[in-house]
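Here the protein sequences come in this chain order: A and B. Quick note: to get the numbering used here, add 1 to the position in the first sequence (first position is 1). Quick note: to get the numbering used here, add 1 to the position in the second sequence (first position is 1).
It cannot be assumed that every hint is accurate.
To be verified - If we take Cβ atoms under 10 Å as the criterion, some of the chain B residues that face chain A in the derived model are:
id	residue
1	Gly-5
2	Arg-262
3	Gly-263
4	Pro-264
5	His-270
Read the hints as simulated data drawn from the structure, not as lab findings. Source: prediction; values computed, not measured. Glycine is no exception: its CB is placed at the ideal position from the N, C-alpha and C atoms.
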Amino acid sequence: MNDMTPTREQREAKLEGMGCKRKRVEDIRFTQGKGNYVDDLKLPGMLHGDFVRSPHAHARVKSINSEEALKVPGVLAVITAETLKTVNLAWMPTLAGDVQMVLADGKVLFQNQEVAFVVATDRYAADDGINKVVVEYEPLPVVIDPFKAMDPDAPVLREDPAGKTSGAHGPRKHHNHVFEWTIGDKDLTDAAFKKADVTIKEMLSYHRTHPSPLETCQCVCSFDKIRGELSIWGTFQAPHVIRTVVALIAKIPEHKIHVISPDIGGGFGNKVGAYPGYICAAVASIVTGKPVKWVEDRIENLTATSFARDYHMTTEIAATKEGKVTGLRVHVLADHGAFDACADPSKWPAGFFNIVTGSYDFPTAHVAVDGIYTNKAPGGVAYRCSFRVTEAAYCIERGMDILAQKLGMDPAELRLKNFIKPEQFPYHSALGWEYDSGDYHTAMKKMMESVDYAGLRKEQAAQREAFKRGETREIMGLGVSFFTEIVGAGPSKNCDILGIAMFDSCEIRMHPTGAGIARVGSKSQGQGHETTWAQIIATEIGIPADDIMVEEGNTDTAPYGLGTYGSRSTPVAGAAIAMAARKIKAKAQMIAAYKLEVHEGDLEWDIDGFRVKGLPEKTMSMKDICWAAYNSVPPGMEPGLEAVSYYDPPNMTYPFGAYICVMNIDVDTGVYRIRRFYALDDCGTRINPMIIEGQVHGGLTEAFAIAMGQEIRYDDEGNVVTGSFMDFFMPTAVETPHWETDFTVTPSPHHPIGAKGVGESPNVGGVPAFSNAVNDAFSFLGSTHIQMPHDYWRNWRAAKELGVFAA
Amino acid sequence: MIPGPFSYHRPASVADAVKLLSTLGDEARPLAGGHSLVPMMKLRLATPEHLVDLHGIAGLKGIRRDGHKIVIGAMTTQHELLASDEIRQSLPILHETALLIADPQVRYRGTIGGNVANGDPGNDMPALMLVLGAFYRLEGPGGGRDIAASDFYQGAYFTALEPGEILTSISIPAGAAGHGYAYEKLKRKVGDYATAAAAVVLTMAGGKVATCAIGLTNLHETPLLATDAAKAVIGTSLDDATLGKAAAAAVAIMAPAADARGPVEYRKHVGGIMVTRALTRAAARAS
Ligand SMILES: Cc1cc2nc3c(=O)[nH]c(=O)nc-3n(C[C@H](O)[C@H](O)[C@H](O)COP(=O)(O)OP(=O)(O)OC[C@H]3O[C@@H](n4cnc5c(N)ncnc54)[C@H](O)[C@@H]3O)c2cc1C
Chain A
2 MNDMTPTREQ REAKLEGMGC KRKRVEDIRF TQGKGNYVDD LKLPGMLHGD FVRSPHAHAR
62 VKSINSEEAL KVPGVLAVIT AETLKTVNLA WMPTLAGDVQ MVLADGKVLF QNQEVAFVVA
122 TDRYAADDGI NKVVVEYEPL PVVIDPFKAM DPDAPVLRED PAGKTSGAHG PRKHHNHVFE
182 WTIGDKDLTD AAFKKADVTI KEMLSYHRTH PSPLETCQCV CSFDKIRGEL SIWGTFQAPH
242 VIRTVVALIA KIPEHKIHVI SPDIGGGFGN KVGAYPGYIC AAVASIVTGK PVKWVEDRIE
302 NLTATSFARD YHMTTEIAAT KEGKVTGLRV HVLADHGAFD ACADPSKWPA GFFNIVTGSY
362 DFPTAHVAVD GIYTNKAPGG VAYRCSFRVT EAAYCIERGM DILAQKLGMD PAELRLKNFI
422 KPEQFPYHSA LGWEYDSGDY HTAMKKMMES VDYAGLRKEQ AAQREAFKRG ETREIMGLGV
482 SFFTEIVGAG PSKNCDILGI AMFDSCEIRM HPTGAGIARV GSKSQGQGHE TTWAQIIATE
542 IGIPADDIMV EEGNTDTAPY GLGTYGSRST PVAGAAIAMA ARKIKAKAQM IAAYKLEVHE
602 GDLEWDIDGF RVKGLPEKTM SMKDICWAAY NSVPPGMEPG LEAVSYYDPP NMTYPFGAYI
662 CVMNIDVDTG VYRIRRFYAL DDCGTRINPM IIEGQVHGGL TEAFAIAMGQ EIRYDDEGNV
722 VTGSFMDFFM PTAVETPHWE TDFTVTPSPH HPIGAKGVGE SPNVGGVPAF SNAVNDAFSF
782 LGSTHIQMPH DYWRNWRAAK ELGVFAA
Chain B
2 MIPGPFSYHR PASVADAVKL LSTLGDEARP LAGGHSLVPM MKLRLATPEH LVDLHGIAGL
62 KGIRRDGHKI VIGAMTTQHE LLASDEIRQS LPILHETALL IADPQVRYRG TIGGNVANGD
122 PGNDMPALML VLGAFYRLEG PGGGRDIAAS DFYQGAYFTA LEPGEILTSI SIPAGAAGHG
182 YAYEKLKRKV GDYATAAAAV VLTMAGGKVA TCAIGLTNLH ETPLLATDAA KAVIGTSLDD
242 ATLGKAAAAA VAIMAPAADA RGPVEYRKHV GGIMVTRALT RAAARAS
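Let's have the full structure, built from the sequences with the hints guiding it.
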């Protein structure tokens with residue numbers, strides 16, 4: 002061997018495969034402003050559309066007069082529900098089995114609802130036109146408080162299903178009721194509560210918030226009359242699903258629809274569903290024969306497209322006096338706004354809320370969810386979480402703290418006592434899931450040691466004494482959270498969207514020189530797929546990640562996939578990538594055997610190629626095999642080297658983690674200070690530790706925002722009072738705490754590479770950690786639960802209500 | 002968030018600007034940094050037909066010393082205030098406050114003239130101007146005049162500016178030797194206006210407060226001078242009881258609006274706390 006022969010380590014390193022902190026390849030263009038977003042697209046003759054929106058939360062639309070608007074220079078058309086009715090598109094189906102008005106049809110049901118669509122030669126003219134459309138409204142009484150929606154005399158919001166006693170998910174019990182969804186054994190659970198030594202009951206509200214990606218929702222639609230083809234560039238997290246939905250509702254053959262998601266500036270669940278803007282832009286393009294662009298502004302994004310949460314969870318836990326949990330009972334009042342436009346798998350109207358038993362061994366549980374209509378924007382999307390998993394994690398993690406307080410036990414100790422034990426996996430939960438793997442005790446103990454949990458509790462005790470003596474006005478809280486997520490939707494046996502199973506897909510094509518392209522059914526919105534997908538392939542087939550181009554988002558070229566949300570990309574698409582790579586490798590092995598003139602079984606894999614067992618110098622690199630695939634394949638074999646895999650996962654994956662937040666609160670102003678936040682995540686096999694860290698940082702920042710102030714709030718008349726980034730809390734780098742990250746690795750036993758998904762864990766686990774810290778800080782003053790968000794004035798109000806300012 | 006139509010003018014002198022404003026009438030507005038006006042235009046809460054951009058007027062920029070006074074051109078940006086040694090030495094509270102305004106991007110564009118002329122109760126500079134005893138120089142169709150900052154603010158977005166007038170400079174007496182100062186601002190995040198803020202400038206003699214002025218931001222429809230609160234601390238060593246009295250006197254004149262920053266009661270409560278904190282910090286700085 003001469004000195005130039007690379008060592009094994011060098012060959013490994015060159016691949017930048019799994020486990021490597023490979024720098025994000027997409028950042029080269031993003032950091033230079035060279036990304037290609039929807040709004041960068043300018044087509045010849047392109048028109049611009051914008052909405053007239055309702056100032057009222059509930060009103061009858063008496064008339065719409067477009068006469069003056071059509072006189073504004075540049076305004077070409079004003080589309081209303083009447084126009085849309087001619088093409089049967091005044092209403093559209095939602096992913097949740099409901100229907101939604103595209104444009105106000107007879108009435109409006111939430112503030113900023115789309116009323117008319119003005120199409121003009123530029124965006125300014127469109128807005129000038131909007132101001133000239135005269136809409137006559139007759140205001141109606143509003144329903145804002147979800148707890149009043151099902152009062153007998155509550156105003157009727159939706160007139161279209163009036164009198165229908167059953168909806169997409171079973172019986173309706175009131176005119177503002179959408180569905181009731183129940184799961185678990187009610188009798189067994191009731192019995193557990195009767196027998197319990199200790200029970201707790203608390204209504205835990207998870208307020209309405211919004212995913213608020215920095216790039217808002219937008220599209221360009223271009224209808225080619227001659228070819229009969231519709232092209233749609235849009236900010237879609239699930240481009241294939243959008244294409245199928247368009248084919249179904251617009252009656253255009255699916256192969257004549259081209260949906261393209263270019264670079265996306267954040268999605269967080271906001272860009273899964275279909276919005277009136279897409280339909281109107283498509284119709285406007287069909288009507289005018291020109292491409293039409295629609296771009297939401299910030300206010301429209303916050304107030305009209307897809308809120309998240311708004312779950313009001315009456316939570317009960319039964320336990321023995323030693324602190325062993327024996328039953329869980331939750332009733333959820335789910336505020337869906339004006340239309341049920343949740344983006345859940347079709348059979349799951351409350352998403353995977355039944356993960357609510359969390360990390361604990363509950364012998365029995367029962368959940369009932371009532372979905373209701375109110376005069377608020379539609380949505381209910383999974384904001385950086387799998388479907389309703391954040392709500393569930395908040396419910397159980399607050400619940401466990403409340404139980405600990407009632408038992409006089411330390412909340413960490415209570416959790417350790419009730420964890421599902423490592424030997425219980427695969428674990429069948431009381432609410433029907435099969436947890437694939439986990440080692441909760443190890444993770445929890447590592448967290449406790451890393452932060453010196455015992456020391457922090459001592460410090461807190463001292464701080465409380467000092468507070469009582471009047472030496473400080475600060476109180477200290479420790480927020481523990483131990484979450485189990487359910488991600489990777491999902492197995493065809495229980496997950497579909499509009500009848501399409503939630504598989505995902507990958508197609509790999511290796512070129513003669515040893516470089517290749519991988520096309521995947523997922524769609525990155527910032528997750529770094531171009532980087533990590535190549536790393537999986539690099540390790541699987543021994544080609545440097547740099548030599549693999551990853552392409553997503555074009556429905557003409559990518560294999561059908563269900564898109565990216567619910568942390569499903571690595572569990573599902575990531576698996577498809579590994580499986581496709583393995584098909585490549587299997588063919589490569591046959592080619593190598595032929596070229597090396599040995600039997601296939603005599604070959605073994607070695608980093609970046611095959612070698613003959615026992616003859617380590619007889620090798621053929623993957624790069625050389627690629628070349629051979631195009632000129633000297635074994636007789637009878639087709640040339641070329643490509644493979645496709647559609648992966649239907651056998652199960653979900655169950656990432657988990659142990660988080661702790663250390664917080665001080667100044668009772669005089671309510672101002673908090675996050676002193677420390679430690680997050681230990683177990684997402685199984687780690688593909689790129691640096692990207693994981695980045696995902697955790699981002700998710701924790703959103704969790705921080707949500708818990709500490711980020712909300713969509715309505716006043717009593719149904720006006721949104723938090724409709725801009727001045728009032729909707731979007732933390733900057735200044736407010737964002739320092740994050741300490743850590744990990745354990747418990748690979749998923751059923752996933753080809755053992756990976757579980759991590760993008761959403763920090764949001765799921767983070768929110769309860771923050772809220773528990775606030776609640777823990779106040780608990781010694783006699784409170785059991787303070788609702789989120791914990792912004793300054795509400796912290797002050799809590800202090801005041803607990804008598805801190807009493808003379 | 003798309004503004005309505007307007008036409009744009011860029012005069013080269015104060016006289017031209019005044020002429021334009023008076024001939025174009027009510028529908029014309031001066032444009033400085035645009036960081037208050039343009040957001041309002043994008044929401045179509047302001048729909049001026051004409052913008053008269055003051056950036057082309059050379060004489061409106063700069064910071065100079067004129068005897069005991071510091072004279073600041075209206076078009077001086079908040080960033081330029083921060084970069085000025087003169088301000089840091091003679092009016093350190095101005096430096097401290099400018100740093101608490103919005104973020105660097107806003108401060109590169111936003112001007113002190115626009116900030117004080119805007120009449121937004123949320124702006125930080127006006128209360129400071131009251132405390133510092135500033136005078137504004139106004140030029141209008143009828144000539145120039147000087148007006149005390151304390152006479153300038155009449156209501157939210159309602160000031161003593163007459164039609165056609167522009168504010169050209171601000172003159173402020175240099176801070177007394179050894180004075181103490183503090184601007185305490187409670188805000189939810191960078192880029193937010195004050196939930197409540199208090200400006201204090203004081204001098205101490207023999208451990209007791211000799212002179213004191215207290216200003217309040219965003220606690221009323223105009224900036225306020227808390228005169229009774231300031232009186233309450235004169236001659237004291239700012240013991241807890243005095244601080245309590247001063248805060249109570251200040252709270253008594255506050256009338257903030259309830260908004261997403263909190264209910265009225267909260268904003269007044271923290272307004273009082275900002276006063277005590279500013280007093281304490283200012284006293285510690287005085288020599
Ligand atoms: C995100 C954000 C956060 C902010 N946070 C704060 C904050 O915390 N504290 C704070 O104080 N400010 C804040 N601001 C406002 C900022 O400081 C503005 O720049 C300032 O208030 C106005 O200055 P301007 O030069 O931008 O004025 P412009 O916006 O150009 O003008 C404001 C008004 O004053 C008039 N005007 C301007 N100059 C003159 C003049 N010379 N004579 C007569 N009339 C004139 C204009 O006609 C207009 O009506 C914030 C702004 C933004 C965008």
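Exercise. Broken hints, numbered, in rising order?
Worked result: The structure breaks none of the hints.
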